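J.: Line order of the protein sequences matches chains A and B. If you read the first sequence in my numbering, its first letter stands for residue 1, the second for the next number, and so on. If you read the second sequence in my numbering, its first letter stands for residue 1, the second for the next number, and so on.
Treat each hint with caution, since some may be false.
No more than 20 Å apart at the CA atoms, straight line, and that leaves these computed lysine-lysine pairs for PhoX-like [what the hints assert, rightly or not]:
#1 A:Lys42 <-> B:Lys36
#2 B:Lys52 <-> A:Lys2
#3 A:Lys42 <-> A:Lys56
#4 B:Lys9 <-> B:Lys36
#5 A:Lys42 <-> B:Lys22
#6 A:Lys2 <-> B:Lys71
#7 B:Lys44 <-> A:Lys2
#8 A:Lys42 <-> B:Lys41
#9 B:Lys52 <-> A:Lys98
#10 B:Lys40 <-> B:Lys52
#11 B:Lys9 <-> A:Lys98
#12 B:Lys67 <-> A:Lys98
#13 A:Lys42 <-> B:Lys67
#14 A:Lys98 <-> B:Lys41
#15 B:Lys44 <-> A:Lys98
Short, incomplete list of chain B residues facing chain A, as computed with Cβ under 10 Å [unchecked claim]:
#16 Ile45
#17 Ser48
#18 Ile55
Derived by calculation from the structure, the hints in this document are not laboratory data. Predicted model, so just to flag it, every value in this text is computed and none were measured. Backbone N, C-alpha and C define an ideal beta-carbon position, used for all residues, glycine too.
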Amino acid sequence: QKEVEQNSGPLSVPEGAIASLNCTYSDRGSQSFFWYRQYSGKSPELIMFIYSNGDKEDGRFTAQLNKASQYVSLLIRDSQPSDSATYLCAVGRGTASKLTFGTGTRLQVTL
Amino acid sequence: DTAVSQTPKYLVTQMGNDKSIKCEQNLGHDTMYWYKQDSKKFLKIMFSYNNKELIINETVPNRFSPKSPDKAHLNLHINSLELGDSAVYFCASSGGPQETQYFGPGTRLLVL
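If we strip away everything but chain B, and leave its shape as in the complex, we get (with noise of 0.2 Å):
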C-alpha cells in the first residue's frame, strides 16, 4: 500500500495553461506539504496544511493555490504556468511524536 501518492507521476504541458496535482496520504497523519525541488536539488517548501488549515504559505507567486479539501488529500493548482515553474514537486505528510515527514513520488513537471 502507498502511503503517500500523487498524481499524475510527469506532466508536460505548454506555457499558459493551468494544471493541478493531487496528493493522497493515507497514514492518518494531520499535516501535509507540498515542496518544489528544481533541476539542482534543491527542495524548498511552499506550502502546508494542518487538518485542512494553510499554516506554511512560503514566498510562492500566487499563480499557485493549494487546496485540502480533507486531512488526507492536499492538492495544487498552477495558473498560467511558467518555463520557471519546471521541476519535480513532491507531496509530503507527517505524524506521530516526532512529526517525520514522508514524501510521495513526486510529481515530474515540464513546461515547455
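Here chain A stands alone, though its shape is the one from the complex (with noise of 0.2 Å):
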C-alpha cells in the first residue's frame, strides 16, 4: 500500500463546474496535510494547508480533512482552464518533518 495514494487521472471537469480531488494517507499519526498544484515543467506551489478535520475554505479552494478516515480532499469551484495542472497531496507527521507526497491526479478543465 502506498503511503499517499492519489488516482493519477486524468480528472476532466468542464469549465464552471466543482472539481473534487481526493487523497488517502495510510500513517494514523499524519499531523499535516497541504495541496500543491504543480504545472507542467514547472515547481509544485502550495494552494493550501490543513491541520485540524473539518474544512477549510481559501478563495474557490476547500480542503476537507477527515482524520478518522485518513483521508483529505480538496474541491475547486468554478473551475477554469487555468486551473488544469497536476494536484499534488503531501501529507507530514509534524512541523519540520519530510513531507510524503502522492503522485498527483491531473486536472483538465475543458472549455
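Starting from two chains that each stand alone, build the complex the way the hints lay out.
T.: The structure is reproduced here in C-alpha cells:
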C-alpha cells in the first residue's frame, strides 16, 4: 500500500464546474496535510494546508480533512482552464518533518 | 525577488561524471530540502537540513552528498552519475508556524 494515494487521472471537468480531488494516507500519526499545484515543467506551488478535521476554505478552494477515514480532499469551485495542472497531496507528521507526496492527480478543465 | 533559486536550470552530462547543483533561499527559513521527481512525476524527499544540520537522510545512494555551508544554502553533489539519476531535482525551504515548504524552480538533469 502506498503511503499517500491519489487517482492519477486525468480528471476532466467542464469550465465552471466543481473539481473534486481526493487523497488517502496510511500513516495514522499524520498531522499536517498540504495541497500543491504543479503546472507542466514547473515547480510545485502551495495551494492550501489543513491540520484539523473539517473544511478549510480559501477563495475557490476548499480542503476537507477526515482523520478517522484517513482522507483529505480538495474542491475547486468554478473551475477555470488555468486550473488545469497536476495536484499533489502531501502528508507530514508534524512541523519541520518530511512530507510524503502522492503521485498527483492531473486535472483538465475543458471549455 | 526569487525566494528559492537553483542553479543550473538544466544539466546534461555523460555517465560517470560528477556534478553539483546549488540552491539558495532568501526567505530566512531554517530548513532546506532536496527532492527528486522522476519521469512519472513522483516527488520523493532525499535530504533535509535544519540550520546546517542534516536531519533527514532517506535511502539515497552515497554517490549523492548534500552540503549546507550556511542555513540559506544547500548544495547537492552527485558522483559517478548514472542513467537512472536523470530526473528533476527540486530544492525547497520551510519556515513559519506551519513550516510550509516552498520549492525552487528545479534542475533538470539528463544523464547520457
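J.: State for each hint whether it applies.
T.: Hints, one by one, checked against the model:
1. Note on Lys42 (chain A) and Lys36 (chain B): the hinted pairing holds, with a Cα-Cα distance of about 14 Å set against a maximum of 20 Å.
2. The straight-line distance between the Cα atoms of Lys52 (chain B) and Lys2 (chain A) is roughly 31 Å, outside the 20 Å bound, and the hint therefore fails.
3. Restraint check for Lys42 (chain A) and Lys56 (chain A): not satisfied, since their Cα atoms lie roughly 26 Å apart, outside the 20 Å limit.
4. For the suggested pair Lys9 (chain B) and Lys36 (chain B), the alpha carbons sit about 14 Å apart, so the restraint of at most 20 Å is met.
5. At roughly 18 Å between alpha-carbon atoms, Lys42 (chain A) and Lys22 (chain B) fall within 20 Å of each other, so this suggested pair holds.
6. Only pairs whose Cα atoms come within 20 Å are accepted, and Lys2 (chain A) paired with Lys71 (chain B) is rejected, the gap being roughly 33 Å.
7. At roughly 13 Å between alpha-carbon atoms, Lys44 (chain B) and Lys2 (chain A) fall within 20 Å of each other, so this suggested pair holds.
8. Straight-line distance between C-alpha atoms of Lys42 (chain A) and Lys41 (chain B) comes to about 11 Å, which keeps the hinted pair within the 20 Å bound.
9. Proposed proximity of Lys52 (chain B) and Lys98 (chain A) is supported: the alpha carbons are some 16 Å apart, at most 20 Å.
10. The suggested pairing of Lys40 (chain B) with Lys52 (chain B) is violated, with an alpha-carbon distance near 31 Å, which exceeds 20 Å.
11. About 24 Å separates the Cα atoms of Lys9 (chain B) and Lys98 (chain A), which puts this hinted pair outside 20 Å; it is violated.
12. At most 20 Å may separate the alpha-carbon atoms for a hinted pair to count; Lys67 (chain B) and Lys98 (chain A) meet this at roughly 18 Å.
13. Proximity of Lys42 (chain A) to Lys67 (chain B) is assessed by CA-CA distance (about 25 Å); at most 20 Å being required, the pair is judged violated.
14. Distance check on the hinted pair: Lys98 (chain A) and Lys41 (chain B) sit about 18 Å apart at the alpha-carbon level, within 20 Å; holds.
15. For the hint pairing Lys44 (chain B) with Lys98 (chain A), the CA-to-CA distance comes to about 10 Å; that is within 20 Å, so the pair holds.
16. Annotation: interface hint on Ile45 (chain B) holds; nearest CB of chain A at approximately 5 Å, less than 10 Å.
17. Restraint check, Ser48 (chain B) versus chain A: the minimum CB separation of about 6 Å is within 10 Å; hint holds.
18. With its C-beta approaching chain A no nearer than about 8 Å, Ile55 (chain B) sits inside the 10 Å limit, and its interface hint holds.
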